[in-house]
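J.: Chains as they are written, first to last, in the numbering used here: chain A, 1 to 168; chain B, 169 to 659.
Hints were generated in silico from the structure; no laboratory data involved.
Computed from a predicted model, the values in this text were never measured in an experiment.
Warning: the hint list may mix true and false statements.
As the list claims (entries may be wrong) - Once the Cα atoms are required to be at most 20 Å apart in a straight line, the calculated PhoX-like pairs of lysine-lysine come out as:
hint: 1; chain 1: B; residue 1: Lys570; chain 2: B; residue 2: Lys505
hint: 2; chain 1: A; residue 1: Lys165; chain 2: B; residue 2: Lys357
hint: 3; chain 1: B; residue 1: Lys571; chain 2: B; residue 2: Lys651
hint: 4; chain 1: A; residue 1: Lys158; chain 2: B; residue 2: Lys198
hint: 5; chain 1: B; residue 1: Lys608; chain 2: B; residue 2: Lys571
hint: 6; chain 1: A; residue 1: Lys141; chain 2: A; residue 2: Lys165
hint: 7; chain 1: B; residue 1: Lys497; chain 2: A; residue 2: Lys165
hint: 8; chain 1: A; residue 1: Lys165; chain 2: B; residue 2: Lys274
hint: 9; chain 1: B; residue 1: Lys513; chain 2: B; residue 2: Lys213
hint: 10; chain 1: A; residue 1: Lys141; chain 2: B; residue 2: Lys197
hint: 11; chain 1: B; residue 1: Lys513; chain 2: B; residue 2: Lys214
hint: 12; chain 1: A; residue 1: Lys141; chain 2: B; residue 2: Lys194
hint: 13; chain 1: A; residue 1: Lys141; chain 2: B; residue 2: Lys608
hint: 14; chain 1: B; residue 1: Lys649; chain 2: B; residue 2: Lys571
hint: 15; chain 1: B; residue 1: Lys172; chain 2: B; residue 2: Lys194
hint: 16; chain 1: B; residue 1: Lys505; chain 2: B; residue 2: Lys239
hint: 17; chain 1: B; residue 1: Lys208; chain 2: A; residue 2: Lys158
hint: 18; chain 1: B; residue 1: Lys578; chain 2: A; residue 2: Lys158
hint: 19; chain 1: B; residue 1: Lys651; chain 2: B; residue 2: Lys610
hint: 20; chain 1: B; residue 1: Lys172; chain 2: A; residue 2: Lys141
hint: 21; chain 1: B; residue 1: Lys570; chain 2: B; residue 2: Lys610
hint: 22; chain 1: B; residue 1: Lys578; chain 2: B; residue 2: Lys541
hint: 23; chain 1: B; residue 1: Lys570; chain 2: B; residue 2: Lys649
hint: 24; chain 1: B; residue 1: Lys541; chain 2: B; residue 2: Lys505
hint: 25; chain 1: B; residue 1: Lys208; chain 2: B; residue 2: Lys172
hint: 26; chain 1: A; residue 1: Lys165; chain 2: B; residue 2: Lys178
hint: 27; chain 1: B; residue 1: Lys387; chain 2: B; residue 2: Lys528
hint: 28; chain 1: B; residue 1: Lys178; chain 2: B; residue 2: Lys513
hint: 29; chain 1: B; residue 1: Lys571; chain 2: B; residue 2: Lys541
hint: 30; chain 1: B; residue 1: Lys651; chain 2: B; residue 2: Lys608
hint: 31; chain 1: B; residue 1: Lys239; chain 2: B; residue 2: Lys172
hint: 32; chain 1: A; residue 1: Lys165; chain 2: B; residue 2: Lys505
hint: 33; chain 1: B; residue 1: Lys655; chain 2: B; residue 2: Lys342
hint: 34; chain 1: B; residue 1: Lys342; chain 2: B; residue 2: Lys528
hint: 35; chain 1: B; residue 1: Lys649; chain 2: B; residue 2: Lys610
hint: 36; chain 1: B; residue 1: Lys213; chain 2: B; residue 2: Lys357
hint: 37; chain 1: B; residue 1: Lys513; chain 2: B; residue 2: Lys551
hint: 38; chain 1: A; residue 1: Lys165; chain 2: B; residue 2: Lys198
hint: 39; chain 1: A; residue 1: Lys165; chain 2: B; residue 2: Lys194
Next come the chains, spelled out residue by residue.
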Amino acid sequence: MIDIKKQNSFELKSNFNLGSKLYSYVAVYQDMDKLNEDIDKYKNLDYSIIFVGTSAYVIKKEDYNNNQFYLGVSNNKQLSVGTSSSITTKIPKPYLTNVIQNNLKIKGGMSAYLNNYIEKKNQYTFITDDSTIVFSDGLLKSGEYVLQYENTNGNPLKGFDIIGKITV
Amino acid sequence: MEVKYTDFIKFNKAPDDADHIGVYDKNGKKIINVNLGDFKPKLGKKLYSFGLLSDVHNAKASIINDDQDFKNALQVFNNNENDVEFTCICGDITENGSSTQLNNYKTNVDTYSPNTRVYTCTGNHDCSGFNDETWKTYTGCERCFSFTHNNDVFVFFSMRYWSLGSTGTPYLDKDIDWLEDTLKDNENKRVFIFTHLFFPDKAGNFNKIYPEGNWLGGKQLERLNRLNELYLNAIWFSGHSHWMWYLQSLPDNVNKTENSDRANVYRTFDSNNEPTCGWTIHVPSCAKPIDSTGSNRDDGDESDACSEGAIVDVYDNYIILKGISFKDKSDTNYNTKYIPLAYYKLDTNLIELNVTESTKPIIPDPFTTNYIKSSDCTINTSKNSGCIVEQEGDYIVFNFDKKSQGFYIKPENYTTNLTCSVIIEDFIYDTPITWDSSMKSKVGFYNGSGYEYTNGSIVRTDEKGVQFNVSSSYPGELPIKLKVKFKFNFY
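Starting from the given sequences, assemble the full structure and let the hints guide the process.
T.: Shown next as C-alpha cells:
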C-alpha cells in the first residue's frame, strides 16, 4: 500500500491495455514541479499516464515531441487523450480506476471521485462531454429512478424542479 | 450493460449551487450521487439579468382577457430577489390586437412590473389592425427599435402583417433593411434580437409539427437566414410555436442533427467547432406552452394550465439561460421552478467580423424616368367593377365607388416573370372626408398582406404586376378619389 500523500513520487513501469491502446508507463507525482523535473523520462514512451495531485494526465509520444501534449483532464471528467488542439480519444475514467486497482494500491491522495470508484469496485457513473449521464452495468436495477440536483448537504436544490426520471 | 440518461443536450449545464445529482429509486432510497465535474461550469462575475417571455396573449390559456399567467410572470420578474433589470417579450402580447387588449397589457405592465421596464416586439396576433401610433401608446415601444445595455445591443424586430407561409411577407422590407443596418453597425458587439417568428429549420420548430402554413417562409426567410449566418455575434430569441422547454428530451428525428438540437436551442458549428450561425432560441409561451408526444400538437387543457418563460444571466463571454416553469399541470397554484433540462450555458465569445455582403435586394436607381400613366393601369376583373382611372398631369387618379375594387399596374415591357416595384412620390386623399388610420390602412398599393400609402415607400411584388386596391374591409365612406404620383422599375 502506497500513501502518495507522504511521497513525492513513485513510478510503476508496466504494460497494460487501456481501451484499445497499449500503455507502457504509469507515474504518480505529488505536484507539477516534480513532474517537470522528470518529464524527459517519458518522451520516448508511446503512452504514459501520469497522476499529479488529484488530476490524471496522458502523454502521447508524438504529441510530446510536438510539444503539445494534452493536459485536459479534470477530477470528475472522463479522460481525454489527444493534442492540445483536438481530442482524438476518450477514455472513461472508470477504466482508469480499474488500472489503478490492478496496478497500484493507493491510499488517499487521489480525488474523492477515484476513491469512490475504488470503494464501489467496478460501479461508476459519469457525465460525458455531450451531457449524457452514464451508469455502469448493474448499478441501476430494473425500475424507475428520479434524478435531482442537490447541494453539498444532500438536499434538493431550492427553486428547481427534478431533472427527470429514468426507467431501467 | 451501461444505462444512459440522454435528456440533456450538450448545451445544458448544472446550476452554480448544485453539488451533485442524487439518484433515487421508487422507494426514495438514494442509489448514488453523480459527480458533476465540468458539467457544472465555473462562472465569472454576472453582468446583469433580464426576464424573457413570449406569446403572452394577454390571456391565461385560450380565455381572452384572463391574464393571470402574464400578471404572475411580471410579478416574478419584478421581484428584487430575481435580480431582473428588464423584461423582453417576443410578441403576441394580445390575442387579437384590439385596443382593449392593448390597454389591458399596459395596465398589467404598469401594475405588476412597476420597477422592471418591459420591452416587446409584435407577434402575428398583434398585427390585426396594427397601427404604429396605437402600438406605441400602449406598449411604449416603436415597431422596431434598439438600445444598448452594458455594451450589449438589444434589438426588437417586429412583424407588421399576419402574413405567413411560403408567400408571406410578415415583415416590412424596410424593417429588414433596418435590422441589417443595425447588425452591420454592431457586428462586433453582442446583439440580442427579439422577434416573433422562429426559423423553420432552427430552434422552435420541434419535429416540424407546427403547421407549415404558419411558418416564416419565402424571400423574407431566405434573407433573415442569411443574416443569421453572417452576423455570428447575434442571438435571436423567438416564440410563435409555444413548444415547452422539456421537449428537447423527446426524439426529434426530423430536426436533430449530430451537433445540434432544434427543440428550443440551436446553433451549428463547422468541423473546427467554429459557429456557422448565430444562436437561435425559442421561448415557450407564457399563456399556453404546448406539449407533444413527439408527433402531435397537444394544446388542450393541460397546456392551458401551464406557464413558462426564462431568466437570462449575462456574463462577459456567455449567457446562462434559465428556463422557468411558472406553473405546470401538477401545480394548483403558481409555483415558480427552474427547469433543469432548460438550464443552458451558451457561449457568446465575440467573433471579429467585417461583413461586406448585403442581403438587400438590388433595386436599379433611378426608377423609370417618367411617372406611371393611367394607360398602364387595367381593372382587376376578379374584383368589383365600376372603378375608374384618369390622368391629371403626372398624377393618376383612382376613383372607387365600392369596396373590393382594384387595378393592376403593368407598364410597357412588363412581363410576369419580372419582379417589379413602385416608389410613391406623392399620395393625396382627394376626397372631402376625414381620413383616419383605419381607412388609410385599407387603400393603396397592396403588398401581399397590407396597403402602402406613405411617400417614399417602395412596394415590391412578384406576380401580376402591382395592385392598387380598396379593401373589402375598408371602413369609410364611398366614393373616394386618390391622386398618386409614382414611378416603376423592374429587377
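J.: Against this structure, judge whether each hint is valid.
T.: Structure-based check of all given hints:
| no. | hint | result |
| --- | --- | --- |
| 1 | Lys570/B <-> Lys505/B | violated, 57 Å |
| 2 | Lys165/A <-> Lys357/B | violated, 40 Å |
| 3 | Lys571/B <-> Lys651/B | holds, 18 Å |
| 4 | Lys158/A <-> Lys198/B | holds, 18 Å |
| 5 | Lys608/B <-> Lys571/B | holds, 13 Å |
| 6 | Lys141/A <-> Lys165/A | holds, 14 Å |
| 7 | Lys497/B <-> Lys165/A | holds, 17 Å |
| 8 | Lys165/A <-> Lys274/B | violated, 41 Å |
| 9 | Lys513/B <-> Lys213/B | holds, 14 Å |
| 10 | Lys141/A <-> Lys197/B | holds, 13 Å |
| 11 | Lys513/B <-> Lys214/B | holds, 13 Å |
| 12 | Lys141/A <-> Lys194/B | holds, 11 Å |
| 13 | Lys141/A <-> Lys608/B | violated, 71 Å |
| 14 | Lys649/B <-> Lys571/B | holds, 13 Å |
| 15 | Lys172/B <-> Lys194/B | holds, 18 Å |
| 16 | Lys505/B <-> Lys239/B | holds, 17 Å |
| 17 | Lys208/B <-> Lys158/A | holds, 17 Å |
| 18 | Lys578/B <-> Lys158/A | violated, 67 Å |
| 19 | Lys651/B <-> Lys610/B | holds, 16 Å |
| 20 | Lys172/B <-> Lys141/A | holds, 13 Å |
| 21 | Lys570/B <-> Lys610/B | holds, 13 Å |
| 22 | Lys578/B <-> Lys541/B | holds, 10 Å |
| 23 | Lys570/B <-> Lys649/B | holds, 12 Å |
| 24 | Lys541/B <-> Lys505/B | violated, 64 Å |
| 25 | Lys208/B <-> Lys172/B | holds, 19 Å |
| 26 | Lys165/A <-> Lys178/B | holds, 18 Å |
| 27 | Lys387/B <-> Lys528/B | holds, 11 Å |
| 28 | Lys178/B <-> Lys513/B | holds, 9 Å |
| 29 | Lys571/B <-> Lys541/B | violated, 23 Å |
| 30 | Lys651/B <-> Lys608/B | holds, 13 Å |
| 31 | Lys239/B <-> Lys172/B | violated, 40 Å |
| 32 | Lys165/A <-> Lys505/B | holds, 17 Å |
| 33 | Lys655/B <-> Lys342/B | holds, 18 Å |
| 34 | Lys342/B <-> Lys528/B | holds, 9 Å |
| 35 | Lys649/B <-> Lys610/B | holds, 14 Å |
| 36 | Lys213/B <-> Lys357/B | holds, 19 Å |
| 37 | Lys513/B <-> Lys551/B | violated, 55 Å |
| 38 | Lys165/A <-> Lys198/B | holds, 14 Å |
| 39 | Lys165/A <-> Lys194/B | holds, 10 Å |
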